[in-house]
Amino acid sequence: MSTATETHEDTHEHGMSDSGYIKIAVILAAITALEVSTYYIDFGPFFLPSLLIMMVVKFVMVVSYFMHLKFDNKIFSFMFYVGLGLALAVYITALATFKFFM
Amino acid sequence: MAETATHAVDHASGHGHSSSGLSNNKLAMWLFLGSECLLFGGLISTYMLYRGRVSDGPHPEQIYDIPFTSVSSFVLLMSSLTMVLAVSAAQKKDDARTNLWLLVTAVLGATFLGGQIYEFTAFYREGLGFSTSLFSSSFYTLTGFHGVHVTVGVIMLLSTIGIIKKNKATGDKAESVELVGLYWHFVDVVWIVIFTLVYLIPA
Amino acid sequence: MAIIERPETATPAVVTPSQAFGAVKRPVESTGWKSWLFTVDHKKIGIMYGVVAMFFFIVGGVEALLIRLQLAAPDGRILSADQYNQMFTMHGTTMVFLFAMPMAGAFANYFLPLQIGARDVAFPRLNALSLWLLVVGGLILNASWFLGGAADGGWFMYAPNSGPVFSPSNGVDYWVLGLQVAGLASLIGSINLIVTILNLRAPGMTLMKMPVFTWMMLVVQFLLVFSLPVITVALVLLMFQRSYGATFFDVSQGADPLLWQHLFWIFGHPEVYVLVLPAFGIISEVLPTFSRKPLFGYPFVVFSGAAIGLVGFGVWAHHMFASGMGPVSVAVFSIATMAIAIPTGVKVFNWLLTMWGGKIWYTTAMKFAIGLVVLFTFGGLSGVTHSVAPSDTQQTDTYYIVAHFHYVLFGGMVFGLFAGFYYWWPKVFGKMLNEKLGSWNFWLMMIGMNMTFGPMHILGLQGQPRRMYVWTEARAGEGFFNLGFWNLISSIGSFILAVGVLFFLINVFHTARKGKQAPLDPWDARTLEWITTSPPKPHNFDRIPVVHHLDEFFHRKYEEDPATHTMRPVQTGDQIVKAEEDAADEHIHLPSPSYWPLLLSVGIGVLCMGVIYGVPIMVVGAALVLFSTFGWVLEPSTADDSEIDPPSVDGSTKEIAPLG
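Residue numbers (our numbering), protein chains in the order written: chain A, 623 to 724; chain B, 13 to 215; chain C, 13 to 672.
Treat the hints as calculated values from the structure; they're not laboratory data.
All clues stand as given, with none of them false.
From chain A, some residues computed to sit far from chain C (all C-beta separations above 10 Å): (1) G637; (2) I646; (3) T654; (4) I663; (5) L674.
Calculated pairs, BS3-like style, for lysine-lysine (alpha carbon to alpha carbon, straight line, at most 27 Å): (6) K46(C) with K549(C); (7) K696(A) with K105(B); (8) K692(A) with K104(B); (9) K105(B) with K177(B).
We put the CB at the ideal spot given by N, CA and C, even for glycine.
Turn these sequences into a full structure, and let the hints guide you.
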């Protein structure tokens, strides 16, 4: 039991400091500004890939740092990412059968 | 053997002393969020399939107000920062700061909701009713579902403030705030996806 | 259930209720109907799940009999075309959502905590909420019979037939709402059970020492967590279309009705495994026990179950081969479907090899289990013929499909559940079901089932479409393949089947009135749920068992003789239970009963009615939901020590499962 309690408390200490959170938020805000800039500036062929990459980066940052998945037990990551992975797999397949990507 | 038995009782009493060493509530919340991925995935896919199908009424690129939505997206994104600061304060057992940050988060969330109500009204005035086209139905359903999630989140935030103030918490206070936080951040990441796929990438 | 169980006190402890939400006090009754309505005890909830499911099994069965009566002769007049549509729609819906899933839920609720050595589930009040939401969902679904006609679009309710133009009655609205509520119940239940399995296992019980039934239920709950949201999306879209004028499946607006089919079957195919895996789990307990051998290849059974779960998410479109998805999609899903036959086949061989060389004891439970292996293999083989897309396009929407899925679901699932009834009845009620009546029960069901569904293969290959409410003599064909002959056989079979089920009910009443007291370990069983009294005490175990082996109970009873390498008995089950009682834990707190789960589910039911009957009702429902949620949050799950009368003397009270 004692070991269980220790690991439980450890996970909290592995979180970030408040200034760390603010740094993450600044990066997120910067990426958002970049995203919005695609509306005003022509990115040419990089438009779609750059938007998708920025979306994924923001998503992963919030999930890993603000939601602590990076520091927490792997079971939590497993549960969330299995759901996310299944969602991507089944819905992309379903959209593909509608010839959505062609 | 008697010692082992006592150990067993402590072990079975949940809350940090469970077989996996993890909290029941947090496990349940993450499972729920994993499940929600498939819910929003379905709604987003429906929108993606139907966004170009406009038999009547305005098209998406004619109606979206990107600067306005960018601002409200930014507001929601920053509410994630204030939420995580609330969680951090709760873990340091600082009730006053916890409540302050929770309140700021709730206000930012309410601002986002106000923006959404304004956006819906404006769209409706421009001729985009719920039944106008496949695009309108799937747009309102997706963003409306997200809006309902934000609303529930705001209610949860305000209730948490009330419970902490009146000292009525039935469980671990820091964990309750953390759970509300997980839900709130999830709602935020869903909006990150919606903002890009729905608003920024044209049909 | 006593609210606070103190093993050493003879009189039940009295509780002074706390005022949780300012006005409402905790329920305190430990006997009578109130103790059932407000209970959070997983065993009582499990029994209620079973009763509800059995009720709907009978309702669904009567619907099936009416269908068979209508089709027994040419130009049937029992039902009108419209009534017939409602009948088969509700038969399918009821059997899947209101019988099969809840009955599996009954077994899961009752036996999961017992099999892993826990005193309750992780969230006892959420458990009660799941039950009452299921009841509300079932009521909403079936209320439609009396309020303008039931849903009539088939259990998978294809668009655009389900839209307001083609289904103008409120039947589909009730169907949509009822399924959303029942789905919510399953979602909450599945999260609860996963957390229970992961967190409340007895010390020493690693994942690979869990009983197979627990393992299969774990897989099932994961399938539910990740598939239910998908049908929720489909149901929400349909609800918005029917009630609020959305256009999702309106072809005139350019909609793709196949969207519904995708969403439904992304849920619907994992759902098939949700139905059948619990039965696999049950017979994986029954077969070893009555073969008096350990399960052959335990890790293979476990991992093939998990593999079925994973691959089950990748085969949904084989329900749509005839919908014109295009050759690439069809080929991909055809191959994936053939692949899923492999882990399923692995299981069949595991069961066969478990029985191989065993000293088989032909109890009723064992007969049902063997019946499952045989019938499921039939159904599985006809399933493989569907994975071949060209063959499937011939069979789609014929009785051949009906034959296939009834072999899989009735043979593969219902037989497993009945095996479970006979195996675990003495555990739950402390009395043995009558074996002689059980034998009648089994053989009538076996004969009836094959007579009903066997001929449907022939009918289907001859081209009889499913869902036609009449067939005519003029087009029935000649000789051996005459539709009339086989339809009649099938209808007679369905009544034999019904008599078989009736024998079970007779057996239940007979056992309740004069069944003989069950010994503690009637079957020489192998798993943890037998290391306690029958029926178990409210706190399940006097002492939480410490686990050292897979099949812990068996290994406490038998030890290997090092000289001969045979297992010899060292102590009896009764001695083990006695030893546990003697070393009972002191002061066990159990979670306390609560009004909120019942109240919350009523609120959700009212909210749903508001979708049909207007906003004011919705407001009332929402208010009730909000009120009961706050009551719930503010009420501690376990009554405080100060609320117990007499209060704890030495202060050594331990809290059990204080969450939820």
